[in-house]
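Chains A and B are the protein sequences, given in the same order. Residues in the first sequence are numbered consecutively from 1, following our numbering. Residues in the second sequence are numbered consecutively from 1001, following our numbering.
Because the hints were derived from the structure by calculation, they are not lab data. Wrong hints could be hidden among the right ones.
As the list claims (entries may be wrong) - For each label pair, taking beta carbons as the anchor points, the in silico distance ranges come out as: (1) G198(A) - Q1263(B): 32 to 40 Å; (2) G1011(B) - G137(A): 43 to 51 Å; (3) G1022(B) - D282(A): 52 to 60 Å; (4) K103(A) - G1148(B): 25 to 33 Å; (5) H1270(B) - Q263(A): 33 to 41 Å; (6) G198(A) - T1013(B): 51 to 59 Å; (7) T2(A) - P1248(B): 55 to 63 Å.
Backbone N, C-alpha and C fix where the C-beta goes; we use that ideal spot for every residue, glycine too.
2 protein chains.
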Amino acid sequence: MTTLLGGIEAGGTKFVCAVGTGPDDIRAQVRIPTTTPEETIGQALAFFQAQMREQGPLAALGIASFGPVELHPESPMFGFITSTPKPGWRNADVAGPFRRALKIPVGFDTDVNGAALGEHHWGAAQGLDTFIYMTIGTGIGGGGLLNGRLMHGLIHPEMGHIRLPRDPQKDPFPGGCPFHGDCFEGLASGPALEKRLGQRAESLPVDHPVWALEAHYIALALTSYICTLSPQRFILGGGVMAQQHLFPLVRAEVRNLLNGYIQSPAILEHIDTYIVPPGLQDRSGVLGALALARASFASSSAP
Amino acid sequence: MTTLLGGIEAGGTKFVCAVGTGPDDIRAQVRIPTTTPEETIGQALAFFQAQMREQGPLAALGIASFGPVELHPESPMFGFITSTPKPGWRNADVAGPFRRALKIPVGFDTDVNGAALGEHHWGAAQGLDTFIYMTIGTGIGGGGLLNGRLMHGLIHPEMGHIRLPRDPQKDPFPGGCPFHGDCFEGLASGPALEKRLGQRAESLPVDHPVWALEAHYIALALTSYICTLSPQRFILGGGVMAQQHLFPLVRAEVRNLLNGYIQSPAILEHIDTYIVPPGLQDRSGVLGALALARASFASSSAP
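Throw the hints in and build the complete structure from the sequences for me.
Structure, rendered in structure tokens:
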């Protein structure tokens, strides 16, 4: 018997909703624009209700959401998006309407933790207990597993907002983050690249100097994460990392910056399998939502 | 019945060895200079053997060691110090001689993970599952618990070696780390302070501008760790942090740098209990070693 699951990759521009059992068995999928919580959540709910009439009951739903989000189950705001600047979504209850209407377990986490869990179940992080999944695109964020469980802590990581060294002589762009100026996201997100260049980056040739600069910032961030929590692997997704030629540049620069200090064969000898693209390609998000559903079902049916 | 434990805070200048059951019951303690592995380990072993004759059997021994160390139990080098520059200690087996001679379970981890575990059992981190213990002194290092278990991952964290932004106009000192120049340790360790100033820092008045600079670098590092793994608390120990006047400076600068982005009451309202000195004062290390012993005994006697 297969366990039918629902998943929502809840992004700031669209909600991708899917029903299925895993990567090879997605039975239905729909994209809903992110407008107001009432409208978007209403449409998503209608999709799952129609699917349940058609395909039978869902064991659980998983929601991998843009954030920041409240992840403490004991909080009255659990399952809410909290302090987002996105109009209408501040303090929006995302998980609650689904839980109340569908009456099934609802797993809820950040978009990047969801993607990380998807990669752990079916992708490039199988068998690892401490790794990082990052998206480098419109924004920069990271999630992952620490000692076998999703990264939570005080709230949840906001990996894109670490401060990096910037040499104003080599890169006069002051950064585009409204909170921190030249933090990692402020320097290296897709919009930061575009603002620095005055044009979109993806049409530039692979030997344009901006790619070496971009790889340098990504490598600075990765070395910081390596020193901070010693992950067993990095999985780098998102629109910017769709530029596959960045991978060898990032790998070489990580080794250059660490300068032999971290004596691990994973870094010194096998960096090609240490810093990798998502095993699930651009489906980490929606499959991650299904993985959250699966985990929620497993914990709700545990003795 | 009390469980008698042995602990070694194995540092680069001295091994502090203790026998007892916890902070209020240390029955014997000795300091042994760190010379060669044979001599230092031999003296430590003689101390514990004498104690066992006098006080009765030890349930387990814990070793909180300087590093880098090998922490993977399946590695043939488990319990070794690995790539240290300290003469004679490269690839030195530290845990093995004790395990073979004393025939009791030996817990082995980094000095900072040991101290973190001590703070978790008896100090300022009781009840937390994700927090960081840092020492800022001769070197800078960090350990802690992630999701309830000690930080390991690929090898173990090397938190002192993250890169930080440095404005050469405000701080022309290029940093003292032989691997990375102006990484956190290179900028903010005790020796870095002394090298920058041309004198030891502790005799300087509390309003000397170097303290604001030091607090700025520490706060930059802490905000990076907050964004990376969202700890529930920071415990800051070590010789530099013995300058208690640094705490309010660091707390204010962390808030300043985060700029309201991390919406947690722990940071926005209660930062005095978010960034704190060790609850065990300068005994985190040796009590941490006892905590490692306790954990090793508990896991060896688990069903």
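Query - Range hint compliance [Cβ, G1011(B) to G137(A), 43 to 51 Å] - result: Holds - the Cβ-Cβ distance for G1011(B) and G137(A), about 45 Å, lies within 43 to 51 Å.
Query raised in the report: Range hint 25 to 33 Å: satisfied by the CB atoms of K103(A) and G1148(B)?
Result: holds, 31 Å
Query raised in the report: Within 33 to 41 Å or not, the Cβ separation of H1270(B) and Q263(A)?
Result: holds, 39 Å
Query raised in the report: Quick one: are G198(A) and Q1263(B) within 32 to 40 Å, going by C-beta?
Result: holds, 34 Å
Requested in this report: Please test the hint of 51 to 59 Å on the beta carbon pair from G198(A) and T1013(B).
Outcome: Holds: the Cβ-Cβ distance is about 56 Å, inside 51 to 59 Å.
Report task. Take a look at whether the Cβ-Cβ distance between G1022(B) and D282(A) falls inside 52 to 60 Å. Result -> holds, 53 Å
Report task. Hint says 55 to 63 Å; check whether the CB-CB distance for T2(A) and P1248(B) agrees. Result -> Holds, at about 58 Å.
This entry satisfies every hint, going by the numbered hints stated previously.
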